[in-house]
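Participant: Using the numbering used here, the letters of the sequence shown map in sequence onto residues 1 to 323.
What the hints contain is simulated information worked out from the structure, not anything from laboratory work. Please note: incorrect hints may appear among the correct ones.
What the hints assert, rightly or not - With a Cα cut of at most 25 Å, we get these calculated DSS-like pairs of lysine-lysine: (1) Lys79 x Lys37; (2) Lys79 x Lys44; (3) Lys57 x Lys37; (4) Lys57 x Lys44; (5) Lys26 x Lys44; (6) Lys79 x Lys227; (7) Lys120 x Lys37; (8) Lys79 x Lys4; (9) Lys37 x Lys4; (10) Lys201 x Lys37; (11) Lys52 x Lys26; (12) Lys225 x Lys272; (13) Lys225 x Lys265; (14) Lys265 x Lys120; (15) Lys272 x Lys227; (16) Lys44 x Lys4; (17) Lys120 x Lys201; (18) Lys227 x Lys265; (19) Lys4 x Lys52; (20) Lys57 x Lys79; (21) Lys4 x Lys201; (22) Lys44 x Lys227; (23) Lys37 x Lys26; (24) Lys26 x Lys120.
As the list claims (entries may be wrong) - Pair ranges (Cβ atoms, derived): (25) Gly270 x Ala59: 19 to 29 Å; (26) Ser105 x Asn230: 35 to 45 Å; (27) Arg247 x Asp67: 44 to 54 Å.
Backbone N, C-alpha and C define an ideal beta-carbon position, used for all residues, glycine too.
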Amino acid sequence: METKGPTVSVIISAHNRPAYLMEALKSLQGQTAPFDKFEVIVVKDYELDLSKIDVGKMAVTFIDTSDSYLVLKHIAGIKASRGDYIALMDDDDLFSATKIERILSLSQYMGRRSFYVNAKEFFTNKLEDFSVLSQTSSSSFEIFDNTRFNSRKLNRNIPWYNLSSMTIGIDLALEGAEIIRGFKREIDPLWYLIGLENADKIVYDSSRLTFYRRHSGGVSRSDNKDKICNYAVQAIESYDEMLHIFRSRVTLETIIEMRTEWQIKASSLGCKIPEYNSVRAILTVLKSLQNHSIKDSAKLLLLFLLSRVSIRISSGVYPKFYM
1 METKGPTVSV IISAHNRPAY LMEALKSLQG QTAPFDKFEV IVVKDYELDL
51 SKIDVGKMAV TFIDTSDSYL VLKHIAGIKA SRGDYIALMD DDDLFSATKI
101 ERILSLSQYM GRRSFYVNAK EFFTNKLEDF SVLSQTSSSS FEIFDNTRFN
151 SRKLNRNIPW YNLSSMTIGI DLALEGAEII RGFKREIDPL WYLIGLENAD
201 KIVYDSSRLT FYRRHSGGVS RSDNKDKICN YAVQAIESYD EMLHIFRSRV
251 TLETIIEMRT EWQIKASSLG CKIPEYNSVR AILTVLKSLQ NHSIKDSAKL
301 LLLFLLSRVS IRISSGVYPK FYM
């Protein structure tokens, strides 16, 4: 990418779904941004016949890895990137034709430690008509600086559960890669939490620039109770582990809220949630809150304890604390 001005590195995490990957690459080939303004890095853990892939003039790098963990794929892609911004992409999702151009146009408001999220559109399984990807961008976007992050407002508006809507300034991405290096769990909100904790700015763009695929392999579309319960337990365990990683009040608020939402879902399905050492959990939260005010610490600790004891109470108490 020998070019003036900001550039974007799109990192695709490929999970042995070659048909989906071909569609993802096709959506990138249709970008309105010039090919010298972005590169594509595909990090895959399976064999793929590259001779059958025609990417035209688009700069594409394929990285093979033995790691199936999403976090490690992201780290490998970030290390190989040359762009000023890292656009994450799951291989089963698609980008609107104007997405990269939109990121570049808004880069004047961002920086190397910024976190950008765009709105999304859902589609079911296979996209028959790729012309829908050409929809134009909205002019509406909002910038939050790190002095006024409001987790309640951000969490209501930002699609934090879909990685393909997230773009990260390279310095923040490199810092985040070090933070999450040992975190071997499949959890989409991890990069969003890194943005809450460490970004100078968060930009929320109401443009629907990501097409998010709903298919039978996804947890959200599954009717397999055991599959959903297994994912819910993993999510709850992940959020408990995240309490060791993050420190800011706004991030801890978000982790506890996300954890509570998954526990509500698990309880409604009758999933068996393993009981953990309560003393150890309380000590973890207390350690996380040691640099916060007594008032904030008391609120967060109470909410965390309620989320472990009574889901119904904690889901009602949270809005009273932070609305």
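Participant: Run every hint past the structure and note whether it holds.
Facilitator: Here is how each hint holds up against the structure:
{"no.": "1", "hint": "Lys79 x Lys37", "in the structure": "holds, 18 Å"}
{"no.": "2", "hint": "Lys79 x Lys44", "in the structure": "holds, 15 Å"}
{"no.": "3", "hint": "Lys57 x Lys37", "in the structure": "holds, 12 Å"}
{"no.": "4", "hint": "Lys57 x Lys44", "in the structure": "holds, 21 Å"}
{"no.": "5", "hint": "Lys26 x Lys44", "in the structure": "holds, 17 Å"}
{"no.": "6", "hint": "Lys79 x Lys227", "in the structure": "violated, 33 Å"}
{"no.": "7", "hint": "Lys120 x Lys37", "in the structure": "holds, 23 Å"}
{"no.": "8", "hint": "Lys79 x Lys4", "in the structure": "holds, 21 Å"}
{"no.": "9", "hint": "Lys37 x Lys4", "in the structure": "holds, 9 Å"}
{"no.": "10", "hint": "Lys201 x Lys37", "in the structure": "holds, 22 Å"}
{"no.": "11", "hint": "Lys52 x Lys26", "in the structure": "holds, 13 Å"}
{"no.": "12", "hint": "Lys225 x Lys272", "in the structure": "holds, 11 Å"}
{"no.": "13", "hint": "Lys225 x Lys265", "in the structure": "holds, 11 Å"}
{"no.": "14", "hint": "Lys265 x Lys120", "in the structure": "holds, 23 Å"}
{"no.": "15", "hint": "Lys272 x Lys227", "in the structure": "holds, 12 Å"}
{"no.": "16", "hint": "Lys44 x Lys4", "in the structure": "violated, 30 Å"}
{"no.": "17", "hint": "Lys120 x Lys201", "in the structure": "holds, 20 Å"}
{"no.": "18", "hint": "Lys227 x Lys265", "in the structure": "holds, 13 Å"}
{"no.": "19", "hint": "Lys4 x Lys52", "in the structure": "violated, 32 Å"}
{"no.": "20", "hint": "Lys57 x Lys79", "in the structure": "holds, 23 Å"}
{"no.": "21", "hint": "Lys4 x Lys201", "in the structure": "holds, 23 Å"}
{"no.": "22", "hint": "Lys44 x Lys227", "in the structure": "holds, 24 Å"}
{"no.": "23", "hint": "Lys37 x Lys26", "in the structure": "holds, 17 Å"}
{"no.": "24", "hint": "Lys26 x Lys120", "in the structure": "holds, 18 Å"}
{"no.": "25", "hint": "Gly270 x Ala59: 19 to 29 Å", "in the structure": "violated, 50 Å"}
{"no.": "26", "hint": "Ser105 x Asn230: 35 to 45 Å", "in the structure": "holds, 42 Å"}
{"no.": "27", "hint": "Arg247 x Asp67: 44 to 54 Å", "in the structure": "violated, 27 Å"}
Hints 6, 16, 19, 25, 27, counting from the list given before, are not met by this structure.
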